[in-house]
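Visitor: For reference, the chains in residue letters:
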Amino acid sequence: MEAEIAVFWGCRALSGDLALELSTRVVMEALGVRLSDLRRQACCGEPLRSFSIPASCYLALRMLALAAEEGHEELFVPCSKGYYMMKWSQEVLARQEGLREAVKKALASEGLDMAKLARPLSILDVLGGLVGPEAIKGAVERELGLKAAMHPGCYLLRSGEAYRVLEDLKAVLAAAGIEAPYYAGLVDCCGGTLELTRPDAALTLAGSKLKSAAEAGLSCIIVTCPTCFAMLDGRQEEALAAAGGGKQVPVLYLTQILGLALGIEPRELGLPFNRSPVEEVSP
Amino acid sequence: MGGEEPRVGVFVCHCGFNIAGVVDVARVAELAAELPSVVVAEHYPYMCSEPGQALIIERVREHKLNRVVVAACSPAMHEPTFRAVLQRAGLNPYLLEMANIREHCSWPHAHEPGKATEKAFKLVEMAVAKARLLEPLEPREVPIERAALVIGGGIAGITAALDLADAGVRTYLVERAPSIGGKMAMLDKTFPTLDCAACILTPKMVAVARHPNIELLAYSEVKEVRRTEGGFEVRVLKKARYVDEERCTGCGACMEKCPIKVPSEFDQGLGYRKAIYMPFPQAVPRVATIDPEHCLYLTKGKCRVCERFCPAGAIDFSQQDRELLLKVGAIVVATGMGLLDHRHLSEYAGLDSPNVITHLQLERLLSSSGPTGGRVLRPSDGREPRSVAIITCVGSRDERANRYCCRIGCGVAVKQAVLLRERLGPGAEIYVCFMDMRTYGRGLEEFYAKAREEGIKFIRGSPAEVEALPDGRLRLAVYDQSTGKLLEILADLVVLVVGLTPPSGLAELAAMLKVPVGPDGFLLEAHPKLRPAETPIRGIFIAGACQGPKDIVETTAHASAAAMKAASMLLKGYLTAEPFTAVVDEERCRGCGRCEEACEYGAISVVERDGRLIARVNEALCEGCGACAVRCPTGAVRVRGFKPEQILAQVAVAAR
Amino acid sequence: MSGLTDLMTMAKPNEELKRKLAPLLAKLPDACLQCARCTSGCTAFRLLELKPHEIVACARLGFLDELVSSKAIWDCALCLKCVERCPQGVAPAELILALRNEAAARELEVPEGLSTVLMSIMERGLAFAPRKAVARDGRAYGREDVGLPALEVGLSEAAMMALMELMGGA
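Residue numbers (the numbering used here), protein chains in the order written: chain A, 1 to 283; chain B, 284 to 939; chain C, 940 to 1109.
Pulled out of the complex, with its shape left as it was, chain A reads as follows:
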C-alpha cells in the first residue's frame, strides 16, 4: 500500500533522540508510508502546561495549524505526549470561549487559522489503522519468537479508551509475531514526566517498571514514547539502582522491534543508540 502523511517529530527527536526518528522513518518506508516532514517544527507545548495552560494549548494547535497551512489534513505525531497534547488542547479550548479567543488571536498573529487544523495521528493510528495488522504480517521476514512487556505509556494509553489502545497495540505486535501478554505493572507510569519536578522519585518509578517486566519473565520492554525511552533505556542503570538493583532489560521502540521483524538491519533502526542490552533480542 502507498500513503503519504506529514510528520511532526517533537522535541526529544529534534534534540538528539536519533533512535526514534531513524527507526520510524525506515519502518514507515518499508510499510509503504511516505513521511513528509512538517516544514516548521517546534515544541508542542506540553511542558508549558504547568506554567500556563492557554500558552501550552497555543503551541500544540500551532503545529496542527501549520500542518493545515502546508496542505495536510493529518499530522503524524510519533511522540505520545505530543499526540495527547494536540488532542487535549482542543478539548480544553472547547470549554471556554475566552480561552479560545485568546489562542485564536495568537494563531492569527502568524496568519494561522484556528478553524483549519490537521487531525493528529498517533503511532497506533498509523501502524494499526493506516497500515493495519494484515499488511504488517505480510511484510514480516524474521520470526523473533519473543514474549515482550508492552509499555504503552501514560499518554498513548490515556489518549483514548485504555482497553482499545491495549487491544490495538497487542494486535500490531501480534502481527509481527510478538506476544505481549498482560503483566502486573503494565499500565504503570515510567516516571518520565515526573523527572522534571522530582527526579529522585522518577527514577524509582522507572526502576519499578523495569522490575515488573523482569518479574513477569518477559524478554524486553517495548515503548512508543521518547519520554519513556529516555527513562527506561537512557537512565536504566540509575533506575535499577534506585529500585534496589535488578537485571538489565532490553528496551526498544515499537518501531525498532517491528523493524527487526521486517528484516531491517539493527544499525538502520538506530539500535546502536539504545543503551540497554538490546543485543539480547536483536539477531
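Careful: at least some of the hints might be erroneous.
[Unchecked claim] With a straight-line cut-off of 27 Å between C-alpha atoms, the simulated BS3-like cross-links for lysine-lysine are:
#, chain 1, residue 1, chain 2, residue 2
1, A, Lys105, C, Lys959
2, B, Lys521, B, Lys472
3, A, Lys87, C, Lys966
4, B, Lys405, B, Lys768
5, A, Lys104, C, Lys966
6, C, Lys957, A, Lys87
7, A, Lys105, C, Lys957
8, C, Lys959, A, Lys87
9, A, Lys211, B, Lys926
[Said to hold, decoys possible] From chain A, some residues computed to sit far from chain B (all C-beta separations above 12 Å):
#, residue
10, Ala3
11, Ser15
12, Glu69
13, Gly71
14, Arg95
15, Gly98
16, Glu110
17, Asp113
18, Glu134
19, Leu169
20, Lys170
21, Glu215
22, Gly217
23, Glu238
24, Ser282
Everything labelled a hint here was simulated from the structure, so no lab data went into it.
Note that CB positions come from ideal geometry on N, CA and C, so glycine has one too.
Given the coordinates of chain A, work out where chains B and C should sit on it, guided by the hints.
Guide: Just chains B and C now, with coordinates in the frame of chain A:
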C-alpha cells in the same frame, strides 16, 4: 355550541409560592375579568384543595357558568381533578380548559417575574379563547379482552402473573430462556434474612406452571405487538426445543450422554452445560432443550445419542419453531436487567485473571446448584481462597459507564461478605472496599452491623486497579479514608459488584410497544413518584428491574402494583378513554386516504360505502394525536376537543 | 465573609480564586464524590504522599491558597491515571495544573527542571538543547552524521511574542 352564550369563569391558582412567587396572580385574575365572556375571575392559594374545588363549584352555581378555565399547574397533574369538579358542579367535564402557568411559566421564567406575569395572562387569554368554543363531550367505554400478557419470567413476572391469575384473569407468561426464574434463581441466599433464594422462588415457579389461569410459554419471544379494539394482538415465537414437552420427564439421561460441553450461561461462564440441557435442576418447565448452535446433529448431522438413550422417546429433531397469536387486554413488561461488562473500564483494561469475578459469578460459586456444589473455590486452581476482596460500585455512579446507582450493590456486598465468612471460616480475610455504604431497607442496617461484628474489614475507599501477579494472586491498592493509609490487599479472589443495565433487547421491545425509555435506558414510568408501575401507554404496565434496578422486596411490591393496575382495568371489562378522537365530516371527505397513511395506530381507514370511498374512524384504536386531521386536504377529519377553530382561536391570541 | 473557617490554619475559603480557575477545568471540584479512587492509584502517592482526592476536596471547599503555595502540587507525575479513572470526570491532575499556573503567576518557586525547559522553549522553541547522541562505539553522532535531514526548528518572532503574551496574561 348548544346555542347558549358562553359564560366563562377563570380561576387562577397560586400553587403556594410555585406560581404566586413569580407571577402576580391577583393581577392576572384582574385582567382576566375584563376579557369578553368572562363573568368571574378569581385567585386562590391551592385550587386543587378541598376549599379550592368548593370555590369553583360555588361560583359555577352562583354565576351560572357554563365554561371553566383553571390557570394552574400542568394538565398532566390535575386535569382529571378539575374535570371531576365540573361534574360535581353539574357541568359536562369537557367544558374545562386549563392554562399551564406553572411548568410553562412560573418555573422556567422564575427570574423574570414581570414578563412571567404578562405571559401568564396571555396563556389565560388563550385558554379563554378556546373555552368559548368548547363543546360537551362524552368519554367512551372501550371493551377490553379479559386476558393479560406478562413478558419476562423472573420474580417480577412470576409475581405479576400469579396475582393476575389469582384475580381471575387469564394470563400468558412469556419467557425467552428455557426456564423461568430469572436472576433470582441464580442467587444463593437473599439479604438480609439469608433466605435461600431457590427455596422461596421455586414454589412460586411451580405455582405458575400449575395455575389454571396461567399459560406458561417458556423458550418463547414476543415478535410483534399490534393494538386492536380489545387491547393488543401479540405474535409470539415459541422456539423449538427439539424435545417433546409432553413426553419429557426431566430425568436428565440425555444430558449425561451428550458429548458436547458448552460454557453455562446460568453459571455465568464458570461451569459447563451440555448441548442438550436444563439450565438448572429446579427448572420450570422441567423439560430439556437442545441448543441448535452446538448440537452435533443439528450442526453436522452426527450423533443423536440423546435420542437413543431417552427413556421417554421425547427427542424430536423434526420439531419446528411455532408462532402463536395472543389476544390480550393488558401487557405487563417484566424483563429484568443485565450486567455491565467491566472490562471496558480503564482501571480493568487489559487485566487477565480468572480469579477476578463478578458478584453474580460469586453467587454461582456460593449456590449449591452451582459449578462447585456450593464450595467457594478459585476458578484458576480449584483451591479455597484465604483472602477475598469485594469491590463495590464497579461501573456504577460513574459518568464513564452507568451514571446511576445500582441500588442493590451494597446489600449484595454485605451479604456476600457474610456468606464468605460462613463458608471460609473465621480465619479468612474478607475485605469490602466501598465508596458509600447504602444499606437502606428493613433489616439492612442491622445486617451491616452484624457483618462488621464478624470481622469483615470494611474499607471506605475505592481501589484504582487490580493487578494479577505472576504467582496468580491478586493485588490491589486502596486509600482508606478512615485511617489515611494507602493499603495494599493481596487477595486470592476479587469480587467486583458490577453495574446493572437494561436487559439485552429492551430497546427493541420498547419500540415494539411504543413505550418510552429513560436516559438511563430503562423503561419510563408514567410518573416517577405516583405511578411507578404504569407507562404513558394505555394498557401497558411495568414491573421490576426493567424500570430500574431494584431488590427482590421492591420488585415484588412493584410487580403486584402492576398486576393490580392491569387487573382493575381488565376486570371492569372496559376502559374509559378520553373522547378526543377523530371524527369525519362525510360531506367533505373524498376518500383520498392521506389520513390512513398518516395514522400510526391503524385507527382510520378508507372504506367503501354506498358506492363512495370514505374515511372511517375506529374509535377504540384512535389515540387522538391529530396526524390525520393535519394531513386531510379538505378539513373533513377533525379531532374532538382540538378542532381547527378552537386551536386557531388560541393562535390568534398568541400571535397578537 | 464566609462562615466557614479551617480551625487548623484559620484560613477562609477563596471563592474568587475558585471562580478564576474554573474555566481551565474539565469539571468543577464540586462534582467530586470523595471515593478516593484517584489517590488509591496515584503514581506519586506511594513515594511522595500526594493525595489528589484531598487536593480536590480542599479546592471544593475553596481552600485554594494553601494548595497554590504547597510543594505537593509539584509532586504530581501527570500520569493521568486519576483523570482516566475518576467516576465523576473531575480530573485532579488538571486541577493541579491550574494550581501550578496560579503559583507561576504569583512567581512562587518552580522546580528547576521545569524552569530549565521553559527557558529552552523561549530560547530555541524546543524543550531541550540539541546535543549529539552517543552510540555503543563511544562516538557522538549528530543528525547529519546518520543521514537525517536538516529541519527548520524553532518559533518565529510572531509566535514567540504571542506565546509571551499568553504566558503573561495567565
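Visitor: Each of the hints needs a verdict: does it hold here or not?
Guide: Results of checking the hints against the structure:
Straight-line distance between C-alpha atoms of A/Lys105 and C/Lys959 comes to about 21 Å, which keeps the hinted pair within the 27 Å bound. Distance check on the hinted pair: B/Lys521 and B/Lys472 sit about 32 Å apart at the alpha-carbon level, beyond 27 Å; violated. For the given pair, A/Lys87 sits about 18 Å from C/Lys966 by alpha-carbon distance, which is consistent with the 27 Å threshold. For a cut-off of 27 Å, the pair hint linking B/Lys405 to B/Lys768 is broken: about 63 Å separates their Cα positions.
For the suggested pair A/Lys104 and C/Lys966, the alpha carbons sit about 23 Å apart, so the restraint of at most 27 Å is met. Distance hint between C/Lys957 and A/Lys87 is fulfilled; the C-alpha atoms sit about 26 Å from each other, no more than 27 Å. Distance restraint check for A/Lys105 and C/Lys957: the Cα-Cα separation of roughly 26 Å lies within the 27 Å cut-off, and the hinted pair is therefore satisfied. A distance of roughly 24 Å separates the Cα atoms of C/Lys959 and A/Lys87; the hinted pair therefore holds under the 27 Å criterion.
Of the pairs offered as hints, the one joining A/Lys211 and B/Lys926 is violated, with about 80 Å between alpha carbons and a cut-off of 27 Å exceeded. Its beta-carbon lying about 29 Å from the closest one in chain B, A/Ala3 satisfies the requirement of being farther than 12 Å from that chain. Every CB of chain B is more than 12 Å from the CB of A/Ser15 (nearest about 32 Å), matching its label as outside the interface. Residue-level check passed: A/Glu69 sits 36 Å from the nearest beta carbon of chain B, beyond 12 Å.
Under the 12 Å C-beta cut-off, the non-interface status given to A/Gly71 relative to chain B holds; the minimum distance is some 37 Å. With 12 Å as the threshold on Cβ separation, the claim that A/Arg95 sits away from chain B holds: the shortest Cβ distance comes to roughly 16 Å. Distance to chain B confirms A/Gly98 as a non-interface residue, since its nearest Cβ pair spans about 24 Å, more than 12 Å. Every C-beta of chain B lies more than 12 Å from that of A/Glu110, the closest at about 37 Å, which supports listing it as non-interface.
Interface exclusion of A/Asp113 from chain B stands, the closest Cβ pair being 33 Å apart, more than 12 Å. With a least beta-carbon separation of about 23 Å from chain B, A/Glu134 lies farther than 12 Å from that chain, consistent with its non-interface assignment. For A/Leu169, the non-interface assignment is contradicted: its Cβ lies about 10 Å from the closest Cβ of chain B, within the 12 Å cut-off. At the 12 Å boundary, the C-beta of A/Lys170 falls inside the reach of chain B, the nearest C-beta of that chain being 9 Å off.
Distance check on A/Glu215: its Cβ comes as close as 6 Å (rounded) to a Cβ of chain B, failing to clear the 12 Å threshold; non-interface status is violated. Not every beta carbon of chain B lies more than 12 Å from that of A/Gly217, the smallest distance being close to 7 Å; the non-interface claim is violated. Residue-level check passed: A/Glu238 sits 25 Å from the nearest beta carbon of chain B, beyond 12 Å. Look at A/Ser282: its CB is around 26 Å from the nearest CB on chain B, clear of 12 Å, so calling it non-interface holds up.
This entry does not satisfy hints 2, 4, 9, 19, 20, 21, 22, going by the numbered hints stated previously.
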